[in-house]
Amino acid sequence: MINEVALLLGMLGTGMLALDVASPSILINLSNSFRNFTNQNIFPSFLFRRNYEPTDEDRENLNRIRVIGFFSLFVAFGVMWVTLPELESILNSYAWVIGIPFLLALTGYGALSFSQILARILITSSTLLMLPFFYIFFIVFGILGAVLRLILWPIVSLENSVIGQDQSPRFLGLLILFLSFFLQLIALKS
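Each residue of the sequence shown is one higher than the last, beginning at 1 in full-length UniProt numbering.
Possibly wrong hints are sitting among the right ones.
Said to hold, decoys possible - What follows is a set of in silico ranges between Cβ atoms, one per label pair, in the way DEER data are often shown: (1) Ile136 - Arg50: 29 to 37 Å; (2) Leu131 - Asp20: 26 to 34 Å; (3) Asp56 - Leu87: 35 to 43 Å; (4) Thr107 - Gly164: 54 to 62 Å; (5) Phe74 - Glu53: 47 to 55 Å; (6) Tyr135 - Thr107: 18 to 26 Å; (7) Ser113 - Asn29: 25 to 33 Å.
Rather than coming from a laboratory, the hints here were simulated on the basis of the structure.
Even for Gly, the Cβ is constructed at its ideal location relative to N, Cα and C.
Hey, can you work out the whole structure from these sequences and the hints?
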């Protein structure tokens, strides 16, 4: 499993080192995104406040967390698909659990035509079943975003002093590539 993770990290690091091959503006845009990302607190602490209306900045942070979450889930699913051959049987066994809230919501919308009380109960129960998963999603990937911010902050602060201007994505790619080499070395020793 370490070899597969090292291989994926190596591909990511190599790709980040060669970002400006396709278009030079990619490196500048990504470097600006890194700077903006490190200047904002991404953790959604407003989720813990009662009767709080999120601001535009909070909504923007939720959007960033959503992007981080979906990308991380996509990568994790890809890694697990390669390393866990029994993943397909696990997904087939528990797919019905995921479908329960959606079936309740669809049944509730269908029941709107003849009974508003039944529709309200079904839609509310569907929402109550899904809401904890949304909170868990935003909190877990908000923590991941805060960790990414802590990783990117020293890299961005090295721009124009140690590394060149707009070179933080390449430097991050170099660090990821070294991490993949280190993981491959560990895999060889074990």
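>> Given a hint of 25 to 33 Å, does the C-beta separation of serine 113 and asparagine 29 actually sit inside it?
In response: For serine 113 and asparagine 29 the Cβ distance comes to about 49 Å; the hint is violated.
> Honestly, do tyrosine 135 and threonine 107 meet the 18 to 26 Å range at C-beta?
Replying inline: 24 Å, holds
> Does the hinted range 54 to 62 Å hold for threonine 107 and glycine 164 at CB?
Replying inline: With a Cβ separation near 59 Å, threonine 107 and glycine 164 satisfy 54 to 62 Å, so the hint holds.
>> Can you tell me whether the CB distance of leucine 131 to aspartate 20 sits inside 26 to 34 Å?
In response: Given a distance of about 43 Å, which is not inside 26 to 34 Å, the answer is violated.
>> Is 47 to 55 Å respected by the C-beta to C-beta distance linking phenylalanine 74 and glutamate 53?
In response: 31 Å, violated
>> Does the beta carbon distance between aspartate 56 and leucine 87 stay inside 35 to 43 Å, or does it fall outside?
In response: Roughly 39 Å apart at Cβ, these two residues keep to the hinted range, so it holds.
>> Range first: 29 to 37 Å. Now tell me if the beta carbons of isoleucine 136 and arginine 50 are that far apart.
In response: Check failed, 19 Å falls outside 29 to 37 Å.
In this structure, the hints that do not hold are numbers 1, 2, 5 and 7, in rising order.
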